[in-house]
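Add chain D to chain R, keeping to what the hints say.
There are 2 protein chains.
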Amino acid sequence: MSLPVSLAEALAARFGSRFSTAEAVREHHGKDESSLAPQPPDAVVFAESTAEVAATVRLCAARATPVIAYGTGTSLEGHLLAVRGGVCIDLSGMNQVLATRPEDLDATVQAGVTRKQLNASLHGTGLFFPIDPGADASLGGMAATRASGTNAVRYGTMRENVIAATVVLADGRVIQTGSRARKSSAGYDLTRLFVGSEGTLGIITELTVRLYPIPEAISSAVCTFPSLDEAVATVIETIQLGIPVARIELLDALALTAINRHSKTSLREAPTLFFEFHGSPAGVEEQARTVQNLAAAHGGQDFDWATHPEDRSRLWQARHDAYYACLGLRPGARSLTTDVCVPISQLAACIRDTQTDLAAHQLTAPLVGHVGDGNFHLLLLTDPDNPQEMEAARAFSNRLVERALAAGGTCTGEHGVGLGKRKYLAREYGDDALDVMRAIKQALDPQDILNPGKILPDT
Amino acid sequence: MSLPVSLAEALAARFGSRFSTAEAVREHHGKDESSLAPQPPDAVVFAESTAEVAATVRLCAARATPVIAYGTGTSLEGHLLAVRGGVCIDLSGMNQVLATRPEDLDATVQAGVTRKQLNASLHGTGLFFPIDPGADASLGGMAATRASGTNAVRYGTMRENVIAATVVLADGRVIQTGSRARKSSAGYDLTRLFVGSEGTLGIITELTVRLYPIPEAISSAVCTFPSLDEAVATVIETIQLGIPVARIELLDALALTAINRHSKTSLREAPTLFFEFHGSPAGVEEQARTVQNLAAAHGGQDFDWATHPEDRSRLWQARHDAYYACLGLRPGARSLTTDVCVPISQLAACIRDTQTDLAAHQLTAPLVGHVGDGNFHLLLLTDPDNPQEMEAARAFSNRLVERALAAGGTCTGEHGVGLGKRKYLAREYGDDALDVMRAIKQALDPQDILNPGKILPDT
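Sequences listed follow chains R and D, in order. Start counting the first sequence at 741; every next residue gets the next number (our numbering). Start counting the second sequence at 741; every next residue gets the next number (our numbering).
Bound-form chain R, shown alone:
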């Protein structure tokens, strides 16, 4: 594929050196962190303002050329792959924190601001932005994929934390999706419509997000369990008691093995829960004690908790290292990462059946879970050059998704649909609900130029 000459000329005239068709630039913008093969766009525009994004979309719309927004390239589902070519708009230059309003506990940022950058900019305000998907992703990308991560059990996902957005529509018009009011009953919820739409309905160029007071006290705790079942039972009781836990993460024994190898530690290689509590000094102590009692009733051992920052970091180090430690279990392998999320009552059975499935198929896949939400990942370590292995991993992933959907869950808790999960949507929603999504896509992007080929399965 290549761009219409008139479009390339128009973009070059408008953007000068911030328009590129260089192979290295295109290749960099055609791959993400999934195990999918790269698919570069035909050209890249480095936009610096909403007006520039709008101008690019207008020029592309006039030639029915695809447009794909790019943040930091940390997608795990092929969101930014240019499956039909077109122009990639790199938003990383839109990295201004436009306003921080401590009194309102919100901030307005350009879409290219990353979560770590936002938090760094909040230094001294006593506030923080809690959503932490692991990668230092752009806030625009996090909004577009409805990202979440370890803090979601307490603070919600991007769904709950984007207050409003500036969006460039498929014809280049620019809208605000809502006001800064904390709640509103004024018409259709455009903010929530664009959050999670993966660049297929519009391009988010600015967004207003919620901030939170840094808790007066934070405590962390780690505890090992004789089985995954006992660990998960502890999680369920913690949630049911309404303990306002800020993070509650599960690693399985294999993940701990990976961490011991990676970090030369000698942690017990058993299912392990990592907790974080936010509140007043008395409150976090009370929370930790309550959870300790719950854990003890389920055979929890080695319960260790801490409030000082260094001690907390030590306790959580294993969790933070988990992803790369797990990849290190099999050097050269890539990870096909699953992302199901189920009602918490179904979590123990879903994990148990999944472990049986893994064993039956001799697959290597450590488990990392945001279990307070019912969300867990398996890192299927596979050799991308071995088609049989890839096929076995994909077949396992299909079975896992079927299991999650049968349990009332979703195929993707936080990574998004992108390319890889489109095939599950009809099964998750039914054909008629999918028709509603198609009708919305058709209404807002009749030429199908906004990140085409994503979310909706081909008809």
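Source of the hints: derived by calculation from the structure; they are not laboratory data. Do not take every clue at face value.
As the list claims (entries may be wrong) - Pair ranges (Cβ atoms, derived):
1. Pro966(D) <-> Leu981(R): 39 to 49 angstroms
2. Arg1070(D) <-> Thr865(R): 27 to 37 angstroms
3. Asp1198(D) <-> Glu767(R): 47 to 57 angstroms
4. Ile954(D) <-> Glu773(R): 55 to 65 angstroms
5. Thr865(D) <-> Ala1132(R): 28 to 38 angstroms
6. Gln1182(D) <-> His863(R): 43 to 53 angstroms
Claimed, not checked - Stretch by stretch, here's where chain D covers chain R in the computed footprint (C-beta under 8 angstroms, at least three residues):
7. 909-923
8. 929-938
Each residue gets a CB set at the ideal place from its N, CA and C atoms; glycine is no exception.
Same frame as chain R, now just chain D:
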């Protein structure tokens, strides 16, 4: 207007005595609790299942006849007025709690279940449903208007508390908007699209809502202030400190006067804040003490707090009586109730300017506010038979909305758009965002039969 004969015959054949064109039935279904003049539908169907709603919609769609869903008739914005005639579907017979899942902290109900009914059915489970808009509205109606109320500052609105819904589309097809997973990145957020759509995109017939553990301890507090400014400053600091207050309500001096007259009490007639704290026994005591210190720094007097249920009820009685007490300030009057919501930093100025405006126009309007969210209501007590008065009240309401929008707020925090607030949407969102809403409406309801004439202003 009247129904096509073939439609009336088909509905009568299908529903027998649960289909009615009796004048009294039509009149009952053509009025709400707003000050708008009633507009009855041409007929009413009393549906008892999703399949019956779907059958009714299919029959109406074949004749392009309007369909309006009806829950308890407690709308404040004319949502259910049959401005173009048609068939009203009364969902109050769909009052089954279909499933309660304590382990997952959720319940699935038919749309006609009211919030009090749901809470009664939860007796003994240790769980509750927190959203409390005042009226004992149906959960379907609350979802359709994105309702909230006093607990929203802690527990969110219907936006955050509807997990999934069953929706009848404009052609009678039935969809599920999502799974029961606590979070999902699987495609467009259909749940949030239908929540707040006021029956204009589909009819919600069943919904799954979040439940919460009844807090181990609850404490309440009441405090009076020398001025509205000082009361609001206390609210802002409470929110900014991250105190997880469950309710924080403001009444102005006039509302207290109304309550004293109504309930023969002798409360101080001054701006008053009502707090409720949820947590552990130590936690709620800590919260109440912190707030007491904040209030004292702003001249708060008569700080009174309680943990025993009877004492808490006594403290909050004035707040619970406020609505009817305020109506009693002027017997025979109806209330034109405003509903703006602004960023909390703007709340003090917005209330101050509004009080100046009221005084300048000699309007009687006590203030009742969910101030933790920046949402407040003025009950404009007007004689509906006095056109001059009604005009003055409407002009005041227009100025208030302009003030709120200029402050970054919304024309409606929780009552919805219905008929009365359509004129503000273009000002709040801009014409292009309104075009997006229109495009969605056109895509999902091309014949404009679902609650026509609501939300979107006429073109």
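Verification of the hints:
| no. | hint | result |
| --- | --- | --- |
| 1 | Pro966(D) <-> Leu981(R): 39 to 49 angstroms | 41 angstroms, holds |
| 2 | Arg1070(D) <-> Thr865(R): 27 to 37 angstroms | 46 angstroms, violated |
| 3 | Asp1198(D) <-> Glu767(R): 47 to 57 angstroms | 52 angstroms, holds |
| 4 | Ile954(D) <-> Glu773(R): 55 to 65 angstroms | 43 angstroms, violated |
| 5 | Thr865(D) <-> Ala1132(R): 28 to 38 angstroms | 44 angstroms, violated |
| 6 | Gln1182(D) <-> His863(R): 43 to 53 angstroms | 47 angstroms, holds |
| 7 | 909-923 | holds (count 12) |
| 8 | 929-938 | holds (count 7) |
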